[in-house]
Structures are given as C-alpha cells and as structure tokens.
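> Sequence:
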Amino acid sequence: MIEIPSDLHKDLVPLVFLLGDWAGAGVHDFPGAEKCNFGQEVSFTHDGRDFLEYESHTWVLDNDGNKVRPLESEHGFWRIDANRKVEVTMTRDDGVIEIWYGELADQKPQIDLVTDAVARTAASRPYTGGKRLYGYVKSDLMWVGEKQTPEVELRPYMSAHLKKVVTPEDVERWAKALPDDMPDDGIAFFK
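Number 12 in UniProt numbering belongs to position 12 of the sequence shown; there are no gaps in the numbering.
Don't take every hint at face value.
[As the list claims (entries may be wrong)] Keeping only pairs whose Cα atoms sit at most 25 angstroms apart, straight-line, the calculated BS3-like set for lysine-lysine is: (1) K163 to K35; (2) K164 to K176; (3) K67 to K85; (4) K163 to K138; (5) K147 to K35; (6) K164 to K108; (7) K85 to K35; (8) K163 to K67; (9) K108 to K35; (10) K176 to K131; (11) K85 to K10; (12) K35 to K10; (13) K163 to K176; (14) K67 to K164; (15) K67 to K108.
[What the hints assert, rightly or not] Now the in silico label distances, taken between C-beta atoms and shown as ranges: (16) V165 to A117: 28 to 36 angstroms; (17) V165 to K108: 33 to 41 angstroms; (18) D7 to D29: 18 to 26 angstroms; (19) D47 to G95: 21 to 29 angstroms; (20) S124 to P5: 31 to 39 angstroms.
Don't read these hints as lab results, they were simulated from the structure.
These numbers come from a predicted model, not from an experiment.
Just so it is clear, CB atoms sit at the ideal spot from N, CA and C, and this is done for glycine as well.
Please model the complete structure; the sequences and the hints are all you need to start from.
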C-alpha cells in the first residue's frame, strides 16, 4: 500500500513509492572482487523538505543466509523536478562521492540513473562511473547497478530484490483506517 504522508513536500509525490524501510537480498559480482550473495537494508525518509534521504547497508551472506561481514554502505539525497528529472547525491563508505542524474519513467514507478560526476579519495578503489535502475514491481523494490573502472567496461555488478518492512506502528495505523463496515467473514470484502 502506498500512502502519501501529509507532510511530504509536494515535489516528492512522484517518488512516494520509495518511502519507507526495505530489506532483502541480492547478488554481487564484479571482476577483481568476491562474487557473493548479500543482504541489504535500505531506508528512504523525508523531513518535509524537497528531498528524500537515502541510506543503504549491505553485507555478505554465507550459504545459509547468515551475515558474514559488511559489504557496502551508502548515504544520499534524492530530488525530482517538475519534468520528472531525478538527481541524487551519494557518499559511499569506500571513499567515493557521486552525483547521479536520471529520470522517472512515464506512467510507471521506474528510475534510470547515470553518474554525472565521481570524486574519489586516495584510499578508494578505481571507479569511473555507473548506472542504476530502480523499479517498484508488485509492491517490491528492485534495483540493478552497473559500474565501470579504468580496467573494466560498464557492466552489472549488483542487483537486489527488496520487500517493504512493516512495523507494528504501520499495522496499528492501517487497522485504525479500516472502514467500520468491514464484513465479519472477510470473504465479502473481496467480492
């Protein structure tokens, strides 16, 4: 269920499908790095201003799905203009700062992004740019990331399938919003 918070900045309504906490798993595979399955937690929040705050943490999973160690962390800010153009500023734990530009697809909740600028610290690994695709598919958030380095051409390196995290507060809020005339048997509700 997508809800539009009353205090959400009006410019962010097209991005409302991103709001909330998400969790799931994916695959990491890039030349020169360990190929692995990973877990991920993502959060998109707002404070009434004209941006979404983004935070992502990933970790390597073992064959039984247990956390082994951190993989990547990111923090950023997402904006959208009246022409559905999206801009993202992002800082990653490996010493990379990126500016991404893209757009929200017409008539569907899908965002294509490409790096416009990349800054790296001396400690970061080689990296020259990337692409990302985010989509809201059947109430889930899915994404795929591509990256390139001076040695490796642009290619997919991470993708994940995330589910919305439901809190007890969400359930309570939804329960209070149910109509008073809900059928007792629950079946009539679906007719």
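> Each hint should be assessed against the structure and marked as holding or not.
Here is what the structure says about each hint:
no.: 1; hint: K163 to K35; verdict: holds, 23 angstroms
no.: 2; hint: K164 to K176; verdict: holds, 20 angstroms
no.: 3; hint: K67 to K85; verdict: violated, 36 angstroms
no.: 4; hint: K163 to K138; verdict: holds, 10 angstroms
no.: 5; hint: K147 to K35; verdict: holds, 15 angstroms
no.: 6; hint: K164 to K108; verdict: holds, 18 angstroms
no.: 7; hint: K85 to K35; verdict: violated, 33 angstroms
no.: 8; hint: K163 to K67; verdict: holds, 18 angstroms
no.: 9; hint: K108 to K35; verdict: violated, 32 angstroms
no.: 10; hint: K176 to K131; verdict: violated, 41 angstroms
no.: 11; hint: K85 to K10; verdict: holds, 15 angstroms
no.: 12; hint: K35 to K10; verdict: violated, 41 angstroms
no.: 13; hint: K163 to K176; verdict: holds, 23 angstroms
no.: 14; hint: K67 to K164; verdict: holds, 20 angstroms
no.: 15; hint: K67 to K108; verdict: violated, 34 angstroms
no.: 16; hint: V165 to A117: 28 to 36 angstroms; verdict: holds, 32 angstroms
no.: 17; hint: V165 to K108: 33 to 41 angstroms; verdict: violated, 23 angstroms
no.: 18; hint: D7 to D29: 18 to 26 angstroms; verdict: violated, 40 angstroms
no.: 19; hint: D47 to G95: 21 to 29 angstroms; verdict: holds, 27 angstroms
no.: 20; hint: S124 to P5: 31 to 39 angstroms; verdict: holds, 36 angstroms
Going through the hint list in order, the structure does not satisfy hints 3, 7, 9, 10, 12, 15, 17, 18.
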